[in-house]
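Protein chains in written order, with the working numbering: chain A, 1 to 114; chain B, 1 to 116.
Derived from the structure by calculation, the hints contain no laboratory data. Note that the coordinates shown come from a computational prediction; the quantities given were computed from them, not determined experimentally. In this text, a Cβ means the ideal position worked out from N, Cα and C, and glycines have one as well. Careful, some of the hints might be misleading.
[Claimed, not checked] Straight-line distance between alpha carbons at most 25 Å, and here's what the computed DMTMM-like set of lysine to aspartate or glutamate pairs gives:
hint, chain 1, residue 1, chain 2, residue 2
1, A, Lys42, A, Glu101
2, B, Lys108, A, Glu85
3, B, Lys73, A, Glu44
4, B, Lys108, A, Asp62
5, B, Lys108, A, Glu18
6, A, Lys42, A, Asp71
7, B, Lys70, A, Glu59
8, A, Lys42, B, Glu10
9, B, Lys73, A, Glu101
10, B, Lys108, B, Glu29
11, A, Lys78, A, Asp62
12, B, Lys73, B, Glu29
13, A, Lys57, B, Glu10
14, A, Lys83, A, Glu56
15, B, Lys70, B, Glu52
16, A, Lys42, B, Glu29
17, A, Lys42, B, Asp26
18, B, Lys78, B, Glu52
19, B, Lys108, B, Glu10
20, B, Lys78, A, Glu101
21, A, Lys42, B, Asp86
22, A, Lys57, A, Asp71
23, B, Lys78, B, Glu61
24, B, Lys73, B, Glu15
25, A, Lys83, A, Glu101
26, A, Lys42, A, Glu56
27, A, Lys57, A, Asp86
28, B, Lys108, A, Asp71
29, B, Lys55, A, Glu101
30, B, Lys108, A, Glu59
31, B, Lys108, A, Glu56
32, A, Lys57, A, Glu1
33, A, Lys42, B, Glu52
34, B, Lys108, A, Glu101
35, B, Lys108, B, Asp86
[As the list claims (entries may be wrong)] A short, non-exhaustive set of chain A residues, derived as facing chain B with CB atoms under 8 Å:
hint, residue
36, Ser27
37, Tyr31
38, Ser55
39, Glu56
40, Phe91
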Amino acid sequence: EPEVTQTPSHQVTQMGQEVILRCVPISNHLYFYWYRQILGQKVEFLVSFYNNEISEKSEIFDDQFSVERPDGSNFTLKIRSTKLEDSAMYFCASRGTSGGETQYFGPGTRLLVL
Amino acid sequence: AQTVTQSQPEMSVQEAETVTLSCTYDTSENNYYLFWYKQPPSRQMILVIRQEAYKQQNATENRFSVNFQKAAKSFSLKISDSQLGDTAMYFCAFMTHTGANSKLTFGKGITLSVRP
């Protein structure tokens, strides 16, 4: 069964460093998302992406964040200068169009900013 | 703005018994979708069940079923014949649009423990 994959599974970085989180959505899906979950809290929407552009972003998704679909398979989230409060689990999700209301999540990347 | 409320932070159930997890939501939309996701200790988000608001029939998936009360804006999850593998965090989620601007709004989650 097709699934969303994410790399790396864990990332430790120093405050102020740039990180890139990678996702490979399900191959025939057209809508892509990033969510984050700070430990012990609920899952929060960051950004949605369709047709090679951002379709919606939350207040969390400030100028330090960017997304890109550099080729036909990858979908990346970049944090330019990480802060301590960026420590969280980051989930990528994708959705198709045919009966495609369901978003399928990847296993997540656990980011720790020191 | 849509909100999703899960007021029970934790629940516990004996193996093989039935448990119901509550969820309410608030929206002015008429067409929307509701989901329950499971998050085991691995922290992966796994879809459990989904309900389209325009469908009156409650969704079922094997041991999982929902009680969808549109007028009351309530969407509870019933787990029958609970198994140890059901131990996880359960999130209720809401989505309006299915176009480019669709996004999931999650509740705070409920931690379910299944006792042997």
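Hints and how they fare:
no. : hint                : result
1   : A/Lys42 x A/Glu101  : holds, 21 Å
2   : B/Lys108 x A/Glu85  : holds, 19 Å
3   : B/Lys73 x A/Glu44   : holds, 21 Å
4   : B/Lys108 x A/Asp62  : holds, 23 Å
5   : B/Lys108 x A/Glu18  : violated, 29 Å
6   : A/Lys42 x A/Asp71   : violated, 31 Å
7   : B/Lys70 x A/Glu59   : violated, 29 Å
8   : A/Lys42 x B/Glu10   : holds, 14 Å
9   : B/Lys73 x A/Glu101  : holds, 19 Å
10  : B/Lys108 x B/Glu29  : holds, 21 Å
11  : A/Lys78 x A/Asp62   : holds, 11 Å
12  : B/Lys73 x B/Glu29   : holds, 11 Å
13  : A/Lys57 x B/Glu10   : violated, 31 Å
14  : A/Lys83 x A/Glu56   : holds, 23 Å
15  : B/Lys70 x B/Glu52   : holds, 10 Å
16  : A/Lys42 x B/Glu29   : holds, 23 Å
17  : A/Lys42 x B/Asp26   : holds, 17 Å
18  : B/Lys78 x B/Glu52   : holds, 17 Å
19  : B/Lys108 x B/Glu10  : holds, 11 Å
20  : B/Lys78 x A/Glu101  : holds, 22 Å
21  : A/Lys42 x B/Asp86   : holds, 19 Å
22  : A/Lys57 x A/Asp71   : holds, 21 Å
23  : B/Lys78 x B/Glu61   : holds, 10 Å
24  : B/Lys73 x B/Glu15   : violated, 30 Å
25  : A/Lys83 x A/Glu101  : violated, 33 Å
26  : A/Lys42 x A/Glu56   : holds, 19 Å
27  : A/Lys57 x A/Asp86   : holds, 16 Å
28  : B/Lys108 x A/Asp71  : violated, 35 Å
29  : B/Lys55 x A/Glu101  : holds, 14 Å
30  : B/Lys108 x A/Glu59  : holds, 18 Å
31  : B/Lys108 x A/Glu56  : holds, 22 Å
32  : A/Lys57 x A/Glu1    : violated, 30 Å
33  : A/Lys42 x B/Glu52   : holds, 23 Å
34  : B/Lys108 x A/Glu101 : holds, 21 Å
35  : B/Lys108 x B/Asp86  : holds, 18 Å
36  : Ser27               : violated, 18 Å
37  : Tyr31               : holds, 7 Å
38  : Ser55               : holds, 4 Å
39  : Glu56               : holds, 5 Å
40  : Phe91               : holds, 6 Å
Violated hints, listed in ascending order, are 5, 6, 7, 13, 24, 25, 28, 32 and 36; each of the other numbered hints is respected by the structure.
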